[in-house]
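Q: Please model the entire structure based on the sequences and the hints provided.
So the protein lines, in turn, are chains A and B. Following the numbering used here, the numbering of the first sequence begins with 1 at its first residue and continues without gaps. Following the numbering used here, the numbering of the second sequence begins with 1 at its first residue and continues without gaps.
No wet-lab data here; the hints were simulated from the structure. Do not rely on the hints blindly, as some may be mistaken.
Derived Cβ-Cβ restraints for the label pairs, each shown as a range [what the hints assert, rightly or not]:
1. B:351 <-> A:42: 32 to 42 Å
2. A:87 <-> B:15: 56 to 66 Å
3. A:157 <-> B:138: 50 to 60 Å
4. A:74 <-> B:237: 16 to 26 Å
5. A:178 <-> B:138: 50 to 60 Å
6. B:235 <-> A:235: 43 to 53 Å
7. A:235 <-> B:34: 49 to 59 Å
8. A:220 <-> B:311: 30 to 40 Å
9. B:172 <-> A:48: 39 to 49 Å
10. A:246 <-> B:337: 27 to 37 Å
With a straight-line Cα cutoff of 25 Å, these simulated DMTMM-like cross-link-like pairs (lysine to aspartate or glutamate) come out [stated by the list, open to error]:
11. B:264 <-> A:74
12. B:139 <-> B:151
13. B:114 <-> B:181
14. B:360 <-> A:138
15. B:182 <-> B:150
16. B:350 <-> A:140
17. B:235 <-> A:74
18. B:350 <-> A:138
19. B:187 <-> B:103
20. B:350 <-> A:126
21. B:235 <-> A:71
These numbers were taken from a predicted model, which means no experiment stands behind them. We put the beta carbon where it would ideally sit given N, CA and C, even for glycine.
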Amino acid sequence: MMDAVAPTSEAKPDLTAIAADAAGEQAVGRPTVYVYEAPVRICHWVNAVSILVLMVTGYLIGTPLPTVAGEASDNFVMGYIRFAHFAAGQVLAVFFLARILWAFVGNHHSRQIFYIPVHRKQFWKEVLHEIRWYAFLEREPKMYVGHNPLAQTAMFTGFTLFVAFMIITGFALYSEGTGIDSWQHKLFGWVFAIWPNSQDVHTWHHLGMWALVMFVSVHIYAAIREDIMSRQSIISSMVSGERQFRD
Amino acid sequence: MGAATETFYSVIRRQGITRRSFHKFCSLTATSLGLGPLAASRIANALETRPRVPVIWMHGLECTCCSESFIRSAHPLVKDAVLSMISLDYDDTIMAAAGHQAEAILEETRAKYKGQYVLAVEGNPPLNEGGMFCIDGGKPFVEKLKVMAEDAMAIIAWGACASWGCVQAAKPNPTQATPIDKVITNKPIIKVPGCPPIAEVMTGVVTFITTFGKLPELDRQGRPKMFYSQRIHDKCYRRPHFDAGQFVEEWDDEAARKGYCLYKMGCKGPTTYNACSTVRWNGGVSFPIQSGHGCIGCSEDGFWDKGSFYDRLTNIKQFGIEKNADQIGMAAAGAVGAAVAAHAAVTAVKRLASKREDAKQDH
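A: Below you can see the structure in the form of structure tokens.
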């Protein structure tokens, strides 16, 4: 696939100029760049909904609702909550996998959340710049077509690593119900070699959920803030796929 | 002793047990092991023809609750049959011989049945101070264990102590009590955890080894699959109340009287692998949950160090204070939320200020 394809027949905007010239002259015609391809956007929103469902149902599994009245045979409250949790978990797992596969065929922005270029000095310099920007020490933001370096770091740890951790521990816990001969246990049973007592796996799964709550709050806040402050589209980009630079 | 060439069958016939009772025992055992209909005759055949397996039963740092449980086994038969089935050559707690006489048996068994006897270990060796916290026959228990394990066919780790460490290995574990599989690494080890393990599970494991001359299939953690492949929760008779969302909210409430699920009272059934909810205790009379108390997870690794028996979530001590994952998570998420709000506020103020500045410059 090609990098940063412009949706219109207009010439590809000179991105380096935009980044370097952020404070300078008004760019003519508000350049837009196609950043997030359709599969990336679909994965994003499916994952977002799954994670929301998983958080709510997961919390209710750990801390169940007040007791329901009536016969046990007439109610299935925990059953439905657990079903929703397991279903959303498997959807998340499938779309997470799909997202990994897309990183191989998609544009280079689709690979951004799967690695941190730790060896590049320039990258860390720019991370520092972003930290200074968020600490109100920089007056002007730098513009990036994809994720800024700090965002890339946050996406890699906060999303890719945490969600992978949740999927692995989640399937390990799920395998306790499906049994020792299930494919879930064959694939993920090794988790219990690390924590022999499944009580500990539960604890880590809870902590992972709260870590994701933190990631989601920062993620949403940063998206809204940058949309306003960096004068580039962020939120609508995840719907249309295009990033517009408003300077 | 010395009777090891005898078969189980000849021993029990001599004790006046009829052939009919013997076959009843074989069928019951086959059933409790979850084997097919043909297994009963295979068990009968094995017990009639195979020499009894010599068993050395040793006691390390323990409370003898495993032995207490073991001698109450109802199926297979009662203790007479079980003690005849194997050739229990050494068990310092219940044997008649004592002192040098008793210790001589160990040497004799090692020499005579090299690589053929089963070493059953109740309790575990403490390793601190050169093993001085458990002296057995004038020597640290860990030395005795290593010597006897050297020539054993296999090792049975009875109970939570031998399998995981149990209470003597609970933090801070001053004696450095260590489970068997961390001390003996070159022998097959069957873990039969529980504090104590269920009597029928213990005799079931012994019967399997006697009958088939091999170890039962073990799970990833070295426990026999036939008894430890499912959680208490999976086969709990209160499970329908869990799925329905009907919980005991506090002791002695209406729900407790109705026998609802004890999940909210900290029942560890959902994280505990054992056969309590199917085999039950005292000849199938009851088990903790049936008696109205949650499972405490006694067959799980480090169950003493997981906080209160009455909390669903484990306390995490790494944070200095005793908080569970949800309390810590909520506090951290709250802090992040507050930070986000503060950051947003500062951003708004800054933006306003810089706009005014820009406006001033424009004029």
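Q: For every hint, state whether the structure bears it out.
A: Structure-based check of each hint:
Checked against the hint of 32 to 42 Å, the pair residue 351 of chain B and residue 42 of chain A passes, with Cβ atoms roughly 34 Å apart. A C-beta distance of roughly 59 Å is found between residue 87 of chain A and residue 15 of chain B, which places it inside the suggested range of 56 to 66 Å. Taking 50 to 60 Å as the suggested C-beta distance range, the pair residue 157 of chain A and residue 138 of chain B conforms, at roughly 57 Å. Evaluation of the 16 to 26 Å hint for residue 74 of chain A and residue 237 of chain B yields a pass: the beta carbon distance comes to about 18 Å.
For the pair residue 178 of chain A and residue 138 of chain B, the beta carbons lie near 52 Å from each other, so the given range of 50 to 60 Å is met. The hinted range of 43 to 53 Å is satisfied by residue 235 of chain B and residue 235 of chain A, whose Cβ atoms lie roughly 49 Å apart. One distance hint, 49 to 59 Å for the beta-carbon pair residue 235 of chain A and residue 34 of chain B, holds here, with the actual separation near 57 Å. Distance hint check: the CB atoms of residue 220 of chain A and residue 311 of chain B are about 32 Å apart, consistent with the given range 30 to 40 Å.
Distance hint check for residue 172 of chain B and residue 48 of chain A: the Cβ-Cβ separation is about 45 Å, which falls inside the suggested range of 39 to 49 Å. A hinted range of 27 to 37 Å for the beta carbons of residue 246 of chain A and residue 337 of chain B is consistent with their spacing of about 29 Å. Our distance criterion of 25 Å between C-alpha atoms is met by residue 264 of chain B and residue 74 of chain A, whose separation comes to about 21 Å. Distance restraint check for residue 139 of chain B and residue 151 of chain B: the Cα-Cα separation of roughly 19 Å lies within the 25 Å cut-off, and the hinted pair is therefore satisfied.
The straight-line distance between the Cα atoms of residue 114 of chain B and residue 181 of chain B is roughly 21 Å, inside the 25 Å bound, and the hint therefore holds. Using a Cα cut-off of 25 Å, the hinted pair residue 360 of chain B and residue 138 of chain A holds, with the two alpha carbons roughly 21 Å apart. Of the supplied pair hints, the one linking residue 182 of chain B and residue 150 of chain B holds, its CA atoms being roughly 15 Å apart against a limit of 25 Å. For the suggested pair residue 350 of chain B and residue 140 of chain A, the alpha carbons sit about 12 Å apart, so the restraint of at most 25 Å is met.
Simply put, residue 235 of chain B and residue 74 of chain A have alpha-carbon atoms about 20 Å apart, close enough for the 25 Å limit, and the pair holds. At most 25 Å may separate the alpha-carbon atoms for a hinted pair to count; residue 350 of chain B and residue 138 of chain A meet this at roughly 12 Å. Taking the CA atoms of residue 187 of chain B and residue 103 of chain B, the gap is near 23 Å; set against the 25 Å cutoff, the hint holds. Straight-line distance between C-alpha atoms of residue 350 of chain B and residue 126 of chain A comes to about 22 Å, which keeps the hinted pair within the 25 Å bound.
The straight-line distance between the Cα atoms of residue 235 of chain B and residue 71 of chain A is roughly 19 Å, inside the 25 Å bound, and the hint therefore holds.
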